[in-house]
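Undergrad: Here's the letter readout for the chains.
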Amino acid sequence: MATEIATRTSEPVVTTFGRDALVASGVVKAFRSDNKTRRAVDGISLRVQRGEIYGLLGANGSGKSTLIRVFSTLLIPDAGDVRVFGLDVQRDELAVKRLINRVSVEASFFKKLSAMENLVYSGRLYGVPAAEARAKALGILRRLGISSSRVNEPLEKLSRGMQQKVAIARAFLTAPMLLLLDEPTTGLDIRSKREVQTFVRDLRIEHDATILLTTHDLDEAERLADRIGILHDGRLVAEGTTEELRARYGASGLEDVFMTATGRRLEDADAPEETTP
Amino acid sequence: MIATMGTQLGLAYAFVEREIALSKRYWAWEIVWLVYGIVTSLSVAYIGLAAPAISGGQVDDAAVSRFVLYLLVGTIAWRFLGIIFENIGEVIAWERWEGTIEYTFMSPVPRLTHLLGMCAATLVRALAFSVGILACVALFVPVDLSHANAVSAIVLLGVGALAFVGLGIASAAFPLMWTEKGLQMAYIVQAVVLLVSGVYYPVDILPKWMQLLSVISPATYVIRGMRAALMDGADLGSLWPEVWPALVVGALSVPLGLRLFIAVERYAKRTGRLKRSG
Chain P
1 MATEIATRTS EPVVTTFGRD ALVASGVVKA FRSDNKTRRA VDGISLRVQR GEIYGLLGAN
61 GSGKSTLIRV FSTLLIPDAG DVRVFGLDVQ RDELAVKRLI NRVSVEASFF KKLSAMENLV
121 YSGRLYGVPA AEARAKALGI LRRLGISSSR VNEPLEKLSR GMQQKVAIAR AFLTAPMLLL
181 LDEPTTGLDI RSKREVQTFV RDLRIEHDAT ILLTTHDLDE AERLADRIGI LHDGRLVAEG
241 TTEELRARYG ASGLEDVFMT ATGRRLEDAD APEETTP
Chain D
1 MIATMGTQLG LAYAFVEREI ALSKRYWAWE IVWLVYGIVT SLSVAYIGLA APAISGGQVD
61 DAAVSRFVLY LLVGTIAWRF LGIIFENIGE VIAWERWEGT IEYTFMSPVP RLTHLLGMCA
121 ATLVRALAFS VGILACVALF VPVDLSHANA VSAIVLLGVG ALAFVGLGIA SAAFPLMWTE
181 KGLQMAYIVQ AVVLLVSGVY YPVDILPKWM QLLSVISPAT YVIRGMRAAL MDGADLGSLW
241 PEVWPALVVG ALSVPLGLRL FIAVERYAKR TGRLKRSG
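Quick mapping for you: the protein sequence lines, in order, are chains P and D. Under the numbering used here, think of the first position of the first sequence as 1, with each following residue one higher. Under the numbering used here, think of the first position of the second sequence as 1, with each following residue one higher.
Derived from the structure by calculation, the hints contain no laboratory data. None of the hints are false.
Derived DSSO-like pairs (lysine-lysine); straight-line CA-CA distance at most 30 angstroms:
hint : chain 1 : residue 1 : chain 2 : residue 2
1    : P       : K111      : D       : K181
2    : D       : K275      : P       : K36
3    : D       : K275      : D       : K181
4    : D       : K275      : P       : K193
5    : D       : K275      : P       : K112
6    : D       : K24       : P       : K111
7    : P       : K111      : D       : K275
8    : D       : K24       : P       : K157
9    : P       : K136      : D       : K24
10   : P       : K193      : P       : K136
11   : P       : K36       : D       : K181
12   : D       : K181      : P       : K112
13   : P       : K111      : P       : K136
14   : D       : K24       : P       : K112
15   : P       : K112      : P       : K157
16   : D       : K275      : P       : K136
Computed footprint of chain P on chain D, listed as stretches where at least three residues anywhere in the stretch have a Cβ under 8 angstroms from a Cβ of chain P:
hint : region
17   : 21-33
18   : 102-115
19   : 264-271
If you're wondering where the values come from, they're calculated on a predicted model, not measured in any experiment. Ideal Cβ placement from N, Cα and C applies to all residues, glycine included.
Sequences are here, hints too, so could you generate the full structure?
TA: As C-alpha cells, this is what we get:
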C-alpha cells in the first residue's frame with residue numbers, strides 16, 4: 001500500500017514500506033588505496049523497523065561510518081541494495097534525502113557562523129522557514145543544555161561538546177523520519193553524553209523517528225538501542241536485542257557478547273580510522 | 001509548477017543568505033580583496049598615464065586618456081569575470097575546507113538549485129566589488145565615460161557572466177575529482193584565460209597558437225565589446241559580432257559544466273571523495 005509522507009521541501013514523498021524504515025541487502029563497499037583494495041563493508045544485510053532505535057556496535061575501522069555514508073546517499077555501494085521507507089537510495093536519491101538526516105562524529109559547520117546562523121541555513125535547505133527554524137532551534141538547544149545567550153556566538157568559540165550538541169539540533173530541526181547518528185556522543189563528557197542520550201530517547205517517542213545509531217560505547221548501545229548489530233571487519237557478525245545476544249552467546253554483558261562474536265575485546269579492536277580516500 | 005519553482009528559489013536563497021552571513025563574518029578578508037582589487041586596478045591605470053614617459057615619444061592627452069580607459073575597462077571587466085570564475089570554482093574547495101561538504105550534498109537540494117544559489121550570490125559579490133573598484137579608481141585617475149553606451153556594457157557583462165558561470169561550474173568539479181590539486185588546476189585555467197583574452201592588450205599581438213585559444217575564450221569577446229561600448233559608445237547592433245560568440249559559449253558551457261559536475265559528483269560518491277578533509 002502506498003503511503004504519503006509529508007516533507008518540507010516540495011511535494012510529499014509517496015512510498016511503500018510497510019513496517020520497515022531501512023532495508024539493506026548485501027551491501028558491499030570497497031576502497032582502493034596504494035594499489036590495495038579493502039572492503040570496508042562486506043555484504044551487509046540488515047533491516048530496521050519504523051520507530052526502532054537500532055545500534056550498530058563496532059570498533060574503529062569496522063565499517064560503521066562507511067555504512068552510514070551509504071545509507072545517507074554520500075557513497076554509492078559497489079553491490080547491494082538499500083531502501084529507505086521503500087525508496088531506493090540511488091534511484092530515488094532526492095526523495096530519500098528529504099526523509100533522513102545524519103549526525104557525524106565531526107560536528108561539521110561553518111565555523112565563523114553562529115550556531116543560529118548555521119541552524120537557520122540548514123533548516124532552509126530542508127524547507128524550514130527561518131522564523132520557524134529559529135524558534136525550534138532555541139527549544140532543541142535549550143533541551144540539550146545550551147543557553148540562548150550562546151547561540152549567536154561563532155561556533156568556533158563553543159566547546160567540542162557544545163558543537164556536537166548543535167550538530168544534533170541540526171539533525172532534529174528537520175524532523176527526519178530516519179535519523180542516522182554516527183557516534184554522536186564521541187568526545188562528550190559524561191553529563192553531555194547523558195543529556196544527548198535522554199534527548200534521543202525522548203525525541204524517538206515524540207516524533208516517531210527511526211534511529212540508526214553507530215557507537216563503540218557498549219553502555220550507550222545497551223542504554224539506547226532496541227536491537228543491536230555487531231560489525232566486525234565490514235561484516236555483521238551478530239544481531240538481536242541485548243537479551244537475545246546475551247542468551248545466544250551465554251554472556252553476562254554486551255562486552256562478553258562482542259568478544260565472543262568477534263574474538264576480540266572492543267578496546268583492543270579499536271584499530272586506526274577507516275581508510276576511505 | 002509555480003509552487004515548485006518557488007520552493008527551488010527558497011532553497012537557492014539559503015546559499016545566498018549563507019554567503020552574505022559568511023561575508024559579514026569574514027569582513028576583514030572582504031576588505032583585503034577590495035583593497036587588493038583597487039590597488040591592482042589603479043596600478044594598471046598608472047601604467048596608462050605613464051605611457052608618454054615610458055615610450056619616450058610624444059603622446060597627446062587624448063591618446064593617454066584613451067589608453068587609460070582601455071586598460072581600466074580590461075582590468076575591471078576581468079575583475080568581474082574573475083570573481084565569478086573563482087567563487088564558483090571554489091564552491092567545493094571552500095566547503096571541503098569548512099568541513100560542511102557532506103551536509104550540503106546530503107541535503108535535499110537539487111544540484112542545479114544549489115549551484116544557481118551559489119551563482120546568484122557570486123554575481124551580487126562580483127558586481128559590488130567591480131562597482132566599488134571603479135568608483136575608487138575614478139577618484140585617482142580621470143575616467144572619461146562621456147561616450148559610453150551603458151546598456152551595451154551591461155548586456156555584455158551579463159553575457160560574460162553567463163559564460164563564466166558555466167566555466168566556473170566545470171572548474172568546481174576539479175576539487176571533487178582531485179581533493180588536493182583540483183583547486184590549483186582551476187586557477188591554472190583562469191590564468192590561461194587571462195593571458196589569451198586581451199585583458200590588457202589586443203589579442204593580435206599574441207603568437208598565432210595563443211590567438212587560437214583566444215577564439216574560444218568568452219572573455220575575448222566580452223572585453224573587446226566592453227571597450228567598444230564604453231570607449232566608443234557602440235550600440236548592441238554593432239556589438240553583435242562580440243555578443244553571439246560569448247552567448248554560444250555560455251549556452252554550451254552552463255549545461256556542459258552542470259553535466260560534468262553531476263558526473264564527477266557520482267564519481268566522488270563511488271570513490272569516497274566527498275569525505276571531509278582539510
